[in-house]
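Listed below are the residues making up each chain.
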Amino acid sequence: MSLIRVENLHKSFGSTEILRGVSLGIEEGEITTIIGQSGTGKSVFFKHLIGILKPDQGRIWFRDTEVTAADTTTLVEVRTHFGYAFQGAALFDSMSVAENIAFPLREVLGIKERKETARRVGEMLDWIGLPGIEKKRPAELSGGMRKRVGVARALVTKPEVLLFDEPTTGLDPVLGETINDLVVRVNKELELTCVVITHDIQASFRISDKIAFLHEGLVAVEGTPREVARSTHPIVRKFIENSFNELEV
Amino acid sequence: MLEQMERIGVESVPIIGLSSLAIGMIFSLQMVQLLQPFRAEIAVGTAVAVTLARELAPIITTLMLIGKNGSAMAAELGTMRVTEQIDAMETMSVDPIHFLTVPRVMACIVMFPMLTLMANVIGVFGAWVVAVGAMEVESATYLDQMFTVLRARDILQGMLKAGVMGYMTAIICTFYGYHAENGAQGVGEASTKAVVSSSVAILVADYVMAMIFWG
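As given, the protein sequences belong to chains A and S, one line each in that order. Numbered by the numbering used here, the letters in the first sequence go through residues 154 to 402 in order. Numbered by the numbering used here, the letters in the second sequence go through residues 712 to 926 in order.
Hint data in this document are derived by calculation from the structure and do not stem from the laboratory. Where hints are given, some of them may not hold.
As the list claims (entries may be wrong) - Label-pair restraints from in silico Cβ distances:
{"#": "1", "chain 1": "S", "residue 1": "894", "chain 2": "A", "residue 2": "271", "range": "34 to 42 angstroms"}
{"#": "2", "chain 1": "A", "residue 1": "229", "chain 2": "S", "residue 2": "892", "range": "19 to 27 angstroms"}
{"#": "3", "chain 1": "S", "residue 1": "894", "chain 2": "A", "residue 2": "338", "range": "30 to 38 angstroms"}
{"#": "4", "chain 1": "S", "residue 1": "714", "chain 2": "A", "residue 2": "224", "range": "29 to 37 angstroms"}
{"#": "5", "chain 1": "A", "residue 1": "161", "chain 2": "S", "residue 2": "714", "range": "42 to 50 angstroms"}
{"#": "6", "chain 1": "A", "residue 1": "248", "chain 2": "S", "residue 2": "894", "range": "18 to 26 angstroms"}
{"#": "7", "chain 1": "A", "residue 1": "226", "chain 2": "S", "residue 2": "890", "range": "21 to 29 angstroms"}
{"#": "8", "chain 1": "A", "residue 1": "338", "chain 2": "S", "residue 2": "808", "range": "29 to 37 angstroms"}
{"#": "9", "chain 1": "A", "residue 1": "217", "chain 2": "S", "residue 2": "726", "range": "56 to 64 angstroms"}
{"#": "10", "chain 1": "A", "residue 1": "265", "chain 2": "S", "residue 2": "806", "range": "12 to 20 angstroms"}
Note that this is a predicted model, so its numbers are computed, not measured. Even glycine gets a Cβ: it sits at the ideal position worked out from N, Cα and C.
Only chain A is shown next, with the shape it has when bound in the complex (with noise of 0.2 angstroms):
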């Protein structure tokens, strides 16, 4: 059984139909990457995981618990099973980087011992490979370091998921890479499920073990890298030919 049920998912924003009855499954220890144009309905569909958005018909389970039906504690509950790094980080510009990291030890966890604090933030920090950076803004970080503390603050609670919204996008091929790489280690390494909205397919065909093609508001495609790779979709088609220049996938 998949770890996320995602079943008949509608949301609709006025009379702008954004998701139109999305299903998907999440596997448990897998990358599951979702794939689709600007303004399909990807972030929306990342919101209604953690029950942020609450949708206009569907369901949503995360293991035998459904999201959407939860009350609000059930929901605290469940949140506390994920994980969120924005696509510009969303690091609170008021507090340091070790503040940041802290927030949800001390607000979620209510772990608030300061030594307890300062070394699981520095543990966070060294596996990121940013140590020493404690006390800088982030206002002072670059792009790719703000990336990396967001994904540090999200996984010092220890979730069992980790969402990436567009966790390459507005960053150079180089550091890309270096976020991609990070995506891996979590998985990997920290052996969480992690999935991950992005226009970046290269990326996306290399890292996943699942791959979902989101179009006006449904899963068109979704299967292994190898399978989308031979999908006869049109739009699918025209976007992994552009992304990879034509060349033989």
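Chain A is fixed; fit chain S onto it per the hints.
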């Protein structure tokens, strides 16, 4: 909350002090000139003190704080909204309203009346300096007349008004910031709407409260 109290309260002391001093001095100057032909200038202290306590101190304090802190609140929360910092809190199950809005509202409820009280004292002092120092009104008569007419109730009701207006300011400004969208332009619009709406709202509320207290 202490951080917000410092930002709204302590850091606003110079601007509130300066503006209330200026208001007291200008008001006193005008009143002396108006009352001198009737030989009623000894009533200047009373007029200034009562008007400051009931109306001017709460209004001036609130308007200055809307400009200084209300716009900052809307801009700060608006920036947090458009850069997904508020979304980040929600994903962690941290209630942004509780974490961001409540301390600001509480700080405003506490600090607006405190600064109003300070504005009363400094405004009255400014008025006394002008009346006694520059316009040759007799100090003892001025003070005696002022303390005879001015009641503690005037000051307390003025402070109560400031507390209500502080609450309104914080709610309105954080609301606009919290619901900002469309990037930097949206943050700018949220700040403008916050300042305009809260200024209008507190003037209406001031009239309503004046009618209730003294109508």
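query = Which numbered hints turn out to be false for this structure?
reply = none
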